[in-house]
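From first to last, the protein sequence lines are chains F and B. When you number the first sequence by the working numbering, it's gap-free, plus one each residue, and the end is 110. When you number the second sequence by the working numbering, it's gap-free, plus one each residue, and the end is 112.
Among the hints, a few may not be true.
[Said to hold, decoys possible] Quick list of in silico lysine to any residue cross-link-like pairs, SDA-like style, CA-CA up to 20 Å: (1) K3/F with K13/B; (2) K69/F with A25/F; (3) K3/F with E100/B; (4) K13/B with L82/B; (5) K28/B with Y46/F; (6) K105/F with Q45/B; (7) K3/F with L82/B; (8) K3/F with G98/B.
The set of hints was computed from the structure by calculation and includes no laboratory data.
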Amino acid sequence: DAKTTQPDSMESTEGETVHLPCSHATISGNEYIYWYRQVPLQGPEYVTHGLQQNTTNSMAFLAIASDRKSSTLILPHVSLRDAAVYHCILERNNNNAPRFGAGTKLSVKP
Amino acid sequence: AQTIHQWPVAEIKAVGSPLSLGCTIKGKSSPNLYWYWQATGGTLQQLFYSITVGQVESVVQLNLSASRPKDDQFILSTEKLLLSHSGFYLCAWSLRLGAEQYFGPGTRLTVL
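The whole structure should be built from the sequences, with the hints applied where relevant.
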């Protein structure tokens, strides 16, 4: 599976809109882009995923570049509860082993 | 709604002792089930997955074994714990391979 690259950490303030980048320059045509987030001592939480089109749900907006070599998870109006490690992962249908890396640690200040 | 339960919540065990961790999924029939391990400060590693009762595939060898005795139950075990087994164990489920996974609350294991 292709690899993703994310910044180690990002800082924000409550109420801001946060853009979390992910680079996946060698993504294959059949790989979906998945985002999870994890807070300490809890399991990861599914956030969203997409293949080619931008997607949106109650948690976030996922913007996918037209060449699919990068994506950005956009968190509107972050709160303290959004502080977590955000993981960008590539997965193929019917493939098992998602690879969690270090992710981006998002800090949110009051 | 689907619920995922893991037991125990936390465990402190001696090196060389046996271990059994459990995971139960309610509200979803025939889910794919997964075991993950995360060392303190480390990344999440998938250990096993199962797509049906009685069938378990190993992903990473850590001197652990897994079994799926029922459709809604996944067990992780070993006969002899090592210090390196300490960490956070997570169970997860999905509708199919490659789909989004939903994780349980985890079990924190300390091996002394």
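Going down the list of hints, with the structure as the test:
no.: 1; hint: K3/F with K13/B; result: violated, 36 Å
no.: 2; hint: K69/F with A25/F; result: holds, 4 Å
no.: 3; hint: K3/F with E100/B; result: holds, 18 Å
no.: 4; hint: K13/B with L82/B; result: holds, 10 Å
no.: 5; hint: K28/B with Y46/F; result: holds, 17 Å
no.: 6; hint: K105/F with Q45/B; result: holds, 18 Å
no.: 7; hint: K3/F with L82/B; result: violated, 31 Å
no.: 8; hint: K3/F with G98/B; result: holds, 16 Å
Checked against the numbered hints given earlier, the structure breaks hints 1, 7 and satisfies all the rest.
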